[in-house]
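Q: Sequence:
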Amino acid sequence: LALDLDGTLLNSRGHISQRNLNAIENARAAGVRVALVTGRRFRDSRPVALELGLDIPLISHNGALTKHAETLQTVAVLPLPLDAAREALRVGRQTGADPLLSDDHEGLGLLVYDHLSGDNVAVHRYIAWATRLHGDEGSDAVRQVDSLENYLDHEPIHLAFSGRCAAMDQLEELLKFELGASVKVLSTKYPEQDFTLVDIVNPAASKGAGVAAAAAELSIGAEEIMAIGDNYNDLEMLLFARTGVVMANAPLTLREIPGLHPTASNVEDGVALAI
1 LALDLDGTLL NSRGHISQRN LNAIENARAA GVRVALVTGR RFRDSRPVAL ELGLDIPLIS
61 HNGALTKHAE TLQTVAVLPL PLDAAREALR VGRQTGADPL LSDDHEGLGL LVYDHLSGDN
121 VAVHRYIAWA TRLHGDEGSD AVRQVDSLEN YLDHEPIHLA FSGRCAAMDQ LEELLKFELG
181 ASVKVLSTKY PEQDFTLVDI VNPAASKGAG VAAAAAELSI GAEEIMAIGD NYNDLEMLLF
241 ARTGVVMANA PLTLREIPGL HPTASNVEDG VALAI
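Just so we're aligned, residue 1 is where the sequence shown starts under my numbering, counting upward by one.
Since the hints were made in silico from the structure, they are not lab data. Remember, predicted model here, so these are calculated numbers, not experimental data. Heads up, a few of these hints could be off.
Said to hold, decoys possible - Here are the simulated SDA-like cross-link-like pairs (lysine to any residue), alpha carbons at most 20 angstroms apart as the crow flies:
#1 176 / 50
#2 176 / 89
#3 176 / 217
#4 176 / 166
#5 176 / 87
#6 176 / 187
#7 176 / 137
As the list claims (entries may be wrong) - Okay, the calculated beta carbon distance ranges per label pair:
#8 50 / 239: 27 to 33 angstroms
#9 25 / 90: 26 to 32 angstroms
#10 268 / 81: 40 to 46 angstroms
#11 147 / 222: 29 to 35 angstroms
#12 221 / 106: 28 to 34 angstroms
#13 242 / 133: 32 to 38 angstroms
#14 129 / 164: 16 to 22 angstroms
#15 106 / 213: 40 to 46 angstroms
From the three backbone atoms N, C-alpha and C, an ideal C-beta is built for every residue, glycine too.
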């Protein structure tokens with residue numbers, strides 16, 4: 001069972017409902033192995049993995065980093081090549097997008113930024129949330145620097161841009177055109193908030209690749225996998241699994257893809273119903 005977090009397992013307040021929790025516990029008691037597969041940074045998703053007590057490594061950063069939540073042992077990392085990261089940053093700067101850099105795959109992880117535009121309310125909220133989430137460790141989890149261009153002298157885990165949906169749609173197309181196969185560009189859209197997160201990762205990274213690797217290690221075939229997600233960055237994972245399940249709160253174009261199964265929304269315990 002491969003579960004996305006935001007918009008899928010977690011409700012609108014970022015919590016796991018008791019019904020979802022019970023369904024997961026019952027599935028595990030029946031011998032089902034459960035993996036969390038998320039676009040979140042490792043550091044931001046680790047508390048959920050620890051809460052659930054999962055023994056399968058956490059697949060984070062859209063598959064770019066797979067790591068044990070408890071021991072911090074890294075299973076696999078696919079960093080963003082430095083030249084590609086610098087080029088993606090250049091392209092994003094041209095459009096005025098706000099860059100966020102994910103770094104430190106050996107430790108808990110670090111979110112680095114230099115400047116955020118004043119009207120990008122959602123990204124300001126995200127920075128505040130990421131800092132608040134880690135309490136006393138907040139200052140170690142998020143860092144503001146003078147210049148990402150100067151900071152970027154090594155391969156990061158991934159680079160992200162965020163902003164309004166229309167502007168990010170244009171940036172996504174531009175990044176794909178300018179960078180081609182040197183990167184993979186993934187978008188997570190929240191139309192109701194007019195907010196899109198565009199992630200640039202290693203071209204070999206994806207949630208689907210992460211699930212495939214975890215399944216192979218457990219000698220589990222695709223026909224024995226159910227994956228549940230709500231956004232475009234989940235698509236490869238949903239199509240890899242024999243049973244791909246889409247949340248009711250997913251974009252309509254995702255819900256209309258043939259072969260995928262519908263469930264209720266994340267505030268209606270869609271994960272529990274699917275299980």
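Q: None of the hints should be skipped; say for each whether it holds.
A: Each hint tested on the structure:
1. 176 / 50: 36 angstroms, violated
2. 176 / 89: 13 angstroms, holds
3. 176 / 217: Violated, at roughly 32 angstroms.
4. 176 / 166: 16 angstroms, holds
5. 176 / 87: Since the Cα atoms of residue 176 and residue 87 sit roughly 12 angstroms apart, the hinted pair holds (cutoff 20 angstroms).
6. 176 / 187: 12 angstroms, holds
7. 176 / 137: Between residue 176 and residue 137 the Cα gap is close to 36 angstroms, so the pair fails against 20 angstroms, i.e. violated.
8. 50 / 239: 27 to 33 angstroms: About 29 angstroms separates the Cβ atoms of residue 50 and residue 239, which means 27 to 33 angstroms holds.
9. 25 / 90: 26 to 32 angstroms: 48 angstroms, violated
10. 268 / 81: 40 to 46 angstroms: 41 angstroms, holds
11. 147 / 222: 29 to 35 angstroms: With Cβ atoms ~44 angstroms apart, the hint is violated.
12. 221 / 106: 28 to 34 angstroms: 32 angstroms, holds
13. 242 / 133: 32 to 38 angstroms: 34 angstroms, holds
14. 129 / 164: 16 to 22 angstroms: Check passed, 19 angstroms falls within 16 to 22 angstroms.
15. 106 / 213: 40 to 46 angstroms: 19 angstroms, violated
Of the numbered hints stated above, those contradicted by the structure are hints 1, 3, 7, 9, 11 and 15, listed in ascending order.
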